[in-house]
Structure formats: C-alpha cells, structure tokens
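K.L.:
Given next are the chains, with one letter for each unit.
Protein chains: 2
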Amino acid sequence: MLHSLYNTSLSLLTDLYQLTMAYGYWKSGTAQKETVFNLYFRKHPFQGGFTVACGLSSAIEYLNAFSFSSDDVRYLSTLTGTDGQPLFDPAFLDYLQTLRFTGDIDAVPEGTVVFPNEPLIRVRGPILQCQLLETPLLTLINFQSLIATKAARMRLAAHDDTLLEFGLRRAQGIDGGMTASRAAYIGGCDATSNVLAGKLYGIPVRGTHAHSWVMSFDSELESFNVYADVLPNNVTLLVDTYDTIQGVRNAVEAGKKLRERGYQLSAIRLDSGDLAYLSMEARKLLDEAGFRETAIVGSNDLDEYLVTSLKEQGAKINIWGIGTKLVTAYDQPALGGVYKLAAIQNPAGQWDYKLKLSEQTIKISTPGIQQVRRYYNERGFISDMIYNEETPPAGPSTMIDPYDFTRQRRFADATTFEDLLVPVFRNGQTVYTTPDIQTVRNRVTTQLSQLHPGIKRFTNPHAYPVGLEQNLHQLRTDLILKLRQK
Amino acid sequence: MLHSLYNTSLSLLTDLYQLTMAYGYWKSGTAQKETVFNLYFRKHPFQGGFTVACGLSSAIEYLNAFSFSSDDVRYLSTLTGTDGQPLFDPAFLDYLQTLRFTGDIDAVPEGTVVFPNEPLIRVRGPILQCQLLETPLLTLINFQSLIATKAARMRLAAHDDTLLEFGLRRAQGIDGGMTASRAAYIGGCDATSNVLAGKLYGIPVRGTHAHSWVMSFDSELESFNVYADVLPNNVTLLVDTYDTIQGVRNAVEAGKKLRERGYQLSAIRLDSGDLAYLSMEARKLLDEAGFRETAIVGSNDLDEYLVTSLKEQGAKINIWGIGTKLVTAYDQPALGGVYKLAAIQNPAGQWDYKLKLSEQTIKISTPGIQQVRRYYNERGFISDMIYNEETPPAGPSTMIDPYDFTRQRRFADATTFEDLLVPVFRNGQTVYTTPDIQTVRNRVTTQLSQLHPGIKRFTNPHAYPVGLEQNLHQLRTDLILKLRQK
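In order, the protein sequences belong to chains A and B. The opening position of the first sequence corresponds to residue 1 in UniProt numbering, with each subsequent residue numbered one higher. The opening position of the second sequence corresponds to residue 1 in UniProt numbering, with each subsequent residue numbered one higher.
You can trust all of the hints, since none of them are fake.
Here are some chain A residues pointing at chain B (derived, C-beta under 7 Å):
1. LEU12
2. LEU16
3. SER28
4. ARG169
5. THR179
6. SER193
7. LEU196
8. TRP213
9. TYR227
10. TYR330
11. PRO333
12. GLU359
No more than 25 Å apart at the CA atoms, straight line, and that leaves these computed lysine to any residue pairs for SDA-like:
13. A:LYS256 x B:GLY81
14. A:LYS482 x B:ILE245
15. A:LYS284 x A:ASP161
16. A:LYS316 x B:SER358
Stretches of chain B that chain A covers, calculated by requiring three or more beta carbons in the stretch to come under 8 Å of a beta carbon on chain A:
17. 32-46
18. 165-172
19. 194-208
Hints are computed from structural coordinates only; laboratory data are not their basis. Bear in mind that the values here come from a model prediction, so they are computed numbers and not experimental data. Note that the Cβ used here is the ideal one computed from N, Cα and C, for glycine as well.
Between the sequences and the hints, there should be enough to build the whole structure, so can you do that?
P.N.:
Below, the structure is given as structure tokens:
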C-alpha cells in the first residue's frame with residue numbers, strides 16, 4: 001500500500017524531536033536499552049461506543065522499508081542549532097544509515113473492534129528505534145482507524161442498503177483520499193468512486209455521471225438518452241440538474257428506451273433538496289412506470305445521523321452515497337491515539353515499569369508489557385482485560401476499572417477468551433501474514449455482530465467493560481503513588 | 001511536490017463517473033467540444049471572512065504528469081457493467097493512452113486571498129479532458145487552501161509570536177501530513193516538526209524531546225542535564241512530565257549548568273494543564289533565575305480561539321505549538337470547493353453559456369469565461385468584480401451582488417485594479433513559473449495586510465464585497481429565468 005504509492009524514503013516522516021532524542025540516546029550510551037511502548041487511544045471517536053482498528057498493514061510496510069537513505073542523512077547534516085553549528089555528530093548520521101528495525105511488534109489484527117486504553121500496537125526493542133517509530137505509527141493508525149470506525153457507523157445506519165464512498169474531492173490530499181477509500185471499504189462501504197483506490201487496493205468502483213454531463217446537452221432528456229445509449233450496462237441517471245421531479249420523468253423516458261434495447265435502468269440519483277420527500281415521489285413515479293427494480297441513490301453531505309433520520313422519515317433510498325462527512329470524519333477529524341513508554345529493561349535484565357503522570361486522570365498512562373484478553377459468552381464479547389504479560393492472570397482473575405477501583409469484575413459468565421495482540425515482528429522480521437482486504441472487511445462485520453446493540457448505538461452508547469487485571473492495577477497504583485510523592 | 005512523493009501514475013486519481021462521462025463524450029462524438037469550467041467555493045471555512053488560495057503548484061505538477069499508463073488502461077479494461085460485460089470499448093482505452101492535457105488554464109497565484117464564487121482555477125479545453133481533471137484539481141486545491149487558511153488565522157491570533165506546526169501524528173495519512181505541513185507554512189507557520197517536509201519542501205524544522213525522554217531516566221533533572229549535555233545548541237525542555245512547577249525548577253538547574261558551558265536554555269515547553277497560569281508562574285521562576293531570554297512554548301490542542309483567549313489572559317507564551325486542530329482543520333475539515341461547467345463553444349465558434357440551477361440560491365452557478373478584477377485604494381483591497389472575458393468591463397463599470405441585486409457598487413474610490421487569474425497553461429504547455437515556497441508565504445502576509453481588520457476578525461467578520469460585473473449579472477439572470485421557464 002505504501003510502497004505502491006511512494007517513491008521516496010519515508011524514514012524522515014517523523015517529528016524532529018524523535019531524531020534529537022535518538023541522538024541523545026545514542027550519545028549518552030543508552031540507545032540499546034530494551035523498552036516497550038504501547039500505542040492506544042483514550043476515547044472513542046464520535047462519542048461512540050466502539051472503534052475499528054485499521055492501518056496495521058501500512059505499518060508493516062513502513063517497518064519493512066524503514067532505513068535512512070544517504071539523501072536523508074545528507075539533509076539531516078544540514079540542520080543546525082541556536083549557535084549555527086550542526087545539530088548532529090557525523091558519526092551519529094553514519095550510524096543512522098546502518099539502522100534497521102530489530103525489535104518485536106505485537107498488534108491487534110486490522111478490523112478488530114477495540115476500546116480505550118487497549119494497546120493496538122505494542123513495540124518492543126532498543127529505545128532509539130522505538131522512539132523513531134512513534135510518529136509514523138500514529139499517523140498510519142490514527143487516521144485509518146478513525147475512517148474505518150466512521151464507515152462502520154455508516155454501515156450500521158444503512159443496515160443492508162448499499163453504501164458508496166465518493167469523498168476523494170474533499171479528502172485531505174491525495175493519500176488522504178487513497179487511505180480513506182481503503183479504510184472506508186474495510187469499515188463497511190461496498191464500493192468507492194476512487195478509481196486509483198480500485199486499482200491499487202482491489203475495491204469495487206462505481207459511478208455514472210455528473211450535472212455537467214446534463215448541462216453539456218441542449219436538454220436533460222437528450223443527455224439521459226445519449227448516456228443510456230453509450231453505457232447501457234451502467235445507467236444511473238442524476239435527476240436534479242434542473243427540476244428534480246421532471247428529471248425523474250425524463251429518466252423514466254430514457255429507461256423505457258433502454259428497456260427496449262434489453263437493458264435496465266439501474267438507478268436514479270438525488271443529490272440535493274428534500275431527499276425524504278423527493279425519494280418517495282420518485283419511487284411512486286418509477287413504480288407507476290414499471291421500474292420497480294430501479295434503485296434510488298441519495299447523496300448530499302450525508303452521515304450516519306442523516307441516514308438514520310431519512311430512514312425514519314420513510315425515504316425510499318436504497319443506495320447511499322457518502323463523501324465529505326466520511327473521508328474527513330467531519331464531526332471529529334482526528335483520533336487522539338498516543339504512544340507511551342511502558343517499561344525499560346534495567347542492566348539486571350528486569351523491567352522497570354514506566355508511567356506518565358497527569359493532572360487529568362484520563363491522561364495517566366498504564367505501565368507493563370500489555371496484552372488484552374477478550375472474554376466471550378455464547379452471545380458475544382462480554383469484556384476485555386488488559387494484563388501485564390509478566391504477571392498473566394492466574395485462573396479466574398479479577399479486573400478493575402482504572403478510573404474507579406470500586407468497579408471490579410470476575411469472569412464467572414465467560415465461556416471462552418482470546419488474547420487480541422498477535423505477533424507481527426520478531427527480531428525485526430515479519431512473522432505475520434497480512435490478510436487480504438476482503439478478510440479484514442469481513443472481520444469488521446463479524447466483530448460488530450458480537451457486540452451488544454447498546455454499545456453500537458449513536459446516542460449515549462453503553463460503555464463496554466474494559467479493566468486492568470488486578471496485578472497490573474496494583475502496579476499502576478503503586479507507581480502513581482510513588483511518583484506523586486516525589 | 002507530487003513527483004517527489006509518488007511513484008505511480010495518478011491519472012486514475014479521479015471519480016469513476018469522470019471516466020464514464022469521458023467515455024460518453026468520446027462515444028457520442030462530443031469529446032472535443034471546447035468548454036470552460038471554473039473551480040470555486042461558495043463559503044469561507046471556519047465562518048471566517050477570507051480564504052487563502054493554495055495548491056496550484058501541485059495542480060501544475062499533476063497536469064504535467066497527466067497521462068494514462070498501460071497499467072491504468074489494463075485496470076480499466078477489467079471494469080464491467082450490470083450485465084458483466086466490459087464498461088469501456090477497447091478503442092476508447094487506446095485513445096486514453098494517447099491522451100494529454102492540451103487546454104488552457106488560468107489561475108489565481110498561490111497565497112492570494114480569495115472570496116466566495118471567485119474562480120481559483122479556470123480550465124478551458126476539450127470537454128473530455130476538462131471533466132477528467134475535476135476530481136484531482138478539487139482534491140489538491142480544497143485541502144491545501146483549507147489548511148493555509150487555518151494557518152493564516154493562527155498567525156493572526158499569534159501576532160508576532162513564533163508558530164510551530166507539529167500535527168503529523170494526527171494528520172490524515174502520510175500525504176495528508178506532508179501537504180498540511182506545506183500549506184501550514186505557506187499560511188504563516190514558522191516551522192514544522194515534520195522532518196520529511198523539511199527535506200522535501202525546504203521548510204525550517206524544529207523539535208527537542210518528549211515525555212518519554214524524561215521517563216527513560218531515573219529523574220527529570222538527570223534527563224534534562226543529559227539532554228542539555230548532548231544537544232547544547234537545541235535545548236527546549238518539556239517540563240510537565242510529572243509536576244510542572246518542579247519541572248520548571250529542574251529546567252532552571254539544567255539551564256545554569258548549560259550557561260556555564262557557554263550555551264543558552266532556549267525554551268521550556270508546557271504541554272498540559274492551565275497554560276495561562278503555568279506560563280505566568282514559569283515566567284516568574286525563569287526571570288528570577290536570570291533566564292529572561294528563555295522562551296516559553298505552549299501546546300495542547302491549541303487553535304486560533306484558544307491562542308486569542310490565552311493572550312487575553314496574559315499567558316506568557318512566546319512560541320505556540322499547534323498540531324491536530326491545524327492539520328485536520330478540526331472545526332471544519334473540508335472546504336466545499338466545486339468545479340462547474342460555465343460555457344461550451346457551439347459549432348459556429350460562439351460560446352453557449354451554462355449554469356447549474358438549484359432550489360438553494362447559493363448553489364446556482366455562474367456562467368462565463370470568468371476573470372476576477374480586484375480594485376484597490378491607498379489602504380488596500382476594496383472589492384472584487386467577477387466578469388466575463390467576452391464582455392469585459394468598459395470604463396467605470398457597476399458590479400452587482402449575485403444574491404441581492406439591489407446591492408450595487410461603482411468604483412469611484414478605486415485608485416487601481418488588477419486581474420487575479422494569470423495564464424498557467426496554454427495549449428497544454430506550462431507558461432507559468434511556480435514561485436518558491438518563501439515567495440508564496442510572503443504573498444499571504446502581504447495580501448492579508450491589505451485587508452481591513454473587520455474582514456479578518458474571527459467573530460462575525462465583515463463580508464468583503466464581491467459582485468458580478470453588470471453584463472455578467474444580466475447574462476446569469478437571463479439564463480436562470482430561461483431554465484426556470486422550461
């Protein structure tokens with residue numbers, strides 16, 4: 001995915017402070033210290049109850065290509081400090097050129113439904129390497145998870161209707177559009193208008209004509225007839241260039257001619273006005289003329305809330321076109337994923353656990369070599385427990401809410417469980433086979449089907465229970481108290 | 001800019017309907033009809049009073065590289081319609097492979113302040129080509145103009161303080177981040193944390209260390225001392241990992257040692273908590289210890305409103321770090337730019353003017369071969385008049401508000417004027433020299449200095465007057481009436 005798009009080394013796609021810190025570690029002799037960092041988020045986007053993890057396949061590609069070119073290093077050698085002297089020692093730049101990722105990565109597969117504080121990616125390795133990866137991993141995972149989640153919400157709103165993504169023109173740059181098309185498909189869209197995404201990612205593409213097609217002819221009917229003549233096996237007619245109801249009548253006329261030729265009028269599209277009213281009127285006109293199989297496409301700044309509302313109003317739309325609101329995640333255009341140091345190995349080979357304090361309780365991080373255990377019963381997921389792999393849960397463990405220690409839970413009702421993070425890299429080598437996009441998309445569907453409807457609703461969703469395993473909770477509490485006493 | 005990033009043909013970076021329409025034009029023998037399309041937006045982003053045009057240099061690169069590869073065409077040959085038959089005739093695909101842009105483009109230079117309904121880009125050429133360019137031009141111009149505008153607003157809020165952009169981790173994909181860094185610099189940021197943007201676009205880069213640096217040492221003071229030791233000419237110390245005020249005291253200690261070595265503590269950084277209170281306390285501690293030259297960097301989900309508020313509260317911050325809210329244009333993550341057909345040449349070589357009707361007055365387009373004339377007096381811009389180049393204003397013309405024809409204006413008070421759109425392509429060849437990024441950035445500064453402060457304010461800004469030249473207004477009115485009578 002990345003490789004097919006970019007022709008430049010992306011190792012400088014990081015914040016400068018990652019490089020100055022790397023230099024600091026190198027120069028102070030601590031570059032090789034073994035560390036563990038966790039990538040996680042603190043709050044679901046869109047005030048929702050779930051998030052879809054996405055972007056791992058890009059991260060794998062990034063890591064496999066991770067190396068500084070001579071050109072990268074030449075650029076770094078030009079950077080200077082406040083005194084006009086070079087920032088970096090040339091020996092460090094030589095070292096950078098030999099640097100490869102040599103660590104371990106465990107991650108939640110793409111398409112998994114995840115919750116706040118759960119590591120989506122866990123990176124273990126020399127601190128210098130782990131630090132450099134912070135920015136690119138966040139860039140790749142934050143955005144893709146955000147869009148996959150938005151698409152999954154649209155899918156829930158649309159039920160079994162067809163969902164088309166056509167946001168490219170409003171996307172945030174070329175790759176903003178490409179990445180959005182891929183994540184939107186994974187999250188639940190059926191097709192995209194983005195032809196390059198179709199070609200590179202194997203996503204179905206859809207599209208017929210715009211207002212300009214109609215305007216380029218002397219009459220709307222003529223434009224419909226010519227279109228149906230030329231592309232008889234792909235006829236969706238956009239009916240709102242001038243007067244929508246008249247547009248539907250013209251579409252019916254063109255549809256009749258098309259039928260005489262042995263083809264079908266696939267759909268009409270409404271792109272403005274009162275979509276509830278117009279779709280009901282259009283449905284009547286189509287049905288009366290015998291076009292019961294002709295679908296109605298609705299579009300115009302739609303999101304999950306508008307789709308829900310239109311359905312409630314009885315709109316006769318079977319295909320939803322969604323663009324801007326999806327590809328920019330309009331109502332919350334960023335997922336606040338973070339990447340936090342959780343442990344450092346001391347010279348004796350033991351882990352020193354690490355935690356970032358904050359006056360805001362939600363911003364205090366969690367230490368440990370974290371894994372997530374998901375418990376199931378016969379109806380689906382019942383709760384997730386974050387534990388430290390150094391102190392795994394023994395038998396029926398208790399989990400504790402990190403923000404309210406009086407909320408505790410044992411798993412008497414669980415029939416089975418699964419650990420969510422799977423090995424992806426070992427000693428810098430990929431040990432994971434990236435599933436194809438269809439498999440990832442199916443995973444989203446399956447995962448969502450295991451979630452209680454209350455967690456999936458848009459308004460005040462029920463909070464899925466996630467807690468810390470009791471030993472990890474104790475470790476975290478001890479560390480907080482120790483740091484606060486300093 | 002594009003070339004340096006991508007290694008794939010981007011000609012399929014378009015909506016499928018552009019290709020199906022292109023096929024329709026080709027097959028119906030109208031592909032060569034000479035047309036004019038205008039790219040414009042209808043409303044300023046962020047409820048603001050101005051927009052900064054950005055993205056033209058990317059558009060030029062895109063156009064210069066525009067051609068369908070054999071690989072692109074092979075992919076298109078696999079697309080099928082409802083009957084399972086290929087969508088496109090192989091002869092059309094052969095034709096696509098020979099296609100190059102042969103038309104004319106006029107555009108507003110990057111960094112120009114622009115207003116609703118003004119064409120930012122005007123494309124003239126065979127309808128098939130113009131149509132294919134709609135999506136990529138919108139993708140490139142919409143996002144870059146949005147971010148440059150957001151950055152310009154941040155610049156207005158920050159006055160003469162330093163503005164650092166460090167949004168990469170929350171950006172919308174890799175190129176979302178790269179493009180945002182460039183547009184943010186053009187709009188008024190002084191530097192970016194994005195090292196790849198520094199390398200590829202020549203933007204100054206800045207950055208020192210993160211919380212993880214502090215956490216990787218046994219004590220905060222030790223971490224500061226090591227950092228100052230290793231990078232003495234780039235010392236900004238992040239003081240809020242544990243307790244912010246103690247962090248400032250530790251920074252002062254580290255700063256004293258640094259001073260003994262002949263270096264200066266450049267800055268401290270506050271990334272959480274009450275930035276107003278903490279910056280004032282930190283300033284006192286720094287000043288008392290003789291660090292009057294040490295700057296204070298403030299960051300934490302800042303935008304133009306928070307910066308304004310913090311300044312009003314007397315915050316002692318001289319360097320503002322802005323990330324998420326800037327690179328995603330958080331409060332309005334899309335600019336609604338559109339691309340509308342405005343004229344088609346008839347066989348007699350005359351223009352048939354075109355217009356898209358809508359029930360929403362603001363969505364009715366304007367016909368014509370549009371140019372924008374900006375009038376000045378000695379204080380700056382006074383108003384812009386959109387005119388049809390076929391009926392240029394003769395002498396002192398009258399302009400008319402397209403949404404209220406009783407609002408009219410003559411230019412008795414104008415001392416001079418300038419036409420904003422300049423030739424960029426002629427017969428498919430570039431006739432424009434793209435200015436360097438510094439020149440574009442300076443243009444934004446100069447342009448904004450010519451705008452009345454009332455237009456630049458964030459709350460209920462004054463609307464800068466933009467009207468249609470009287471002949472163009474008449475043409476538009478006649479067309480609307482004619483279409484409504486149909």
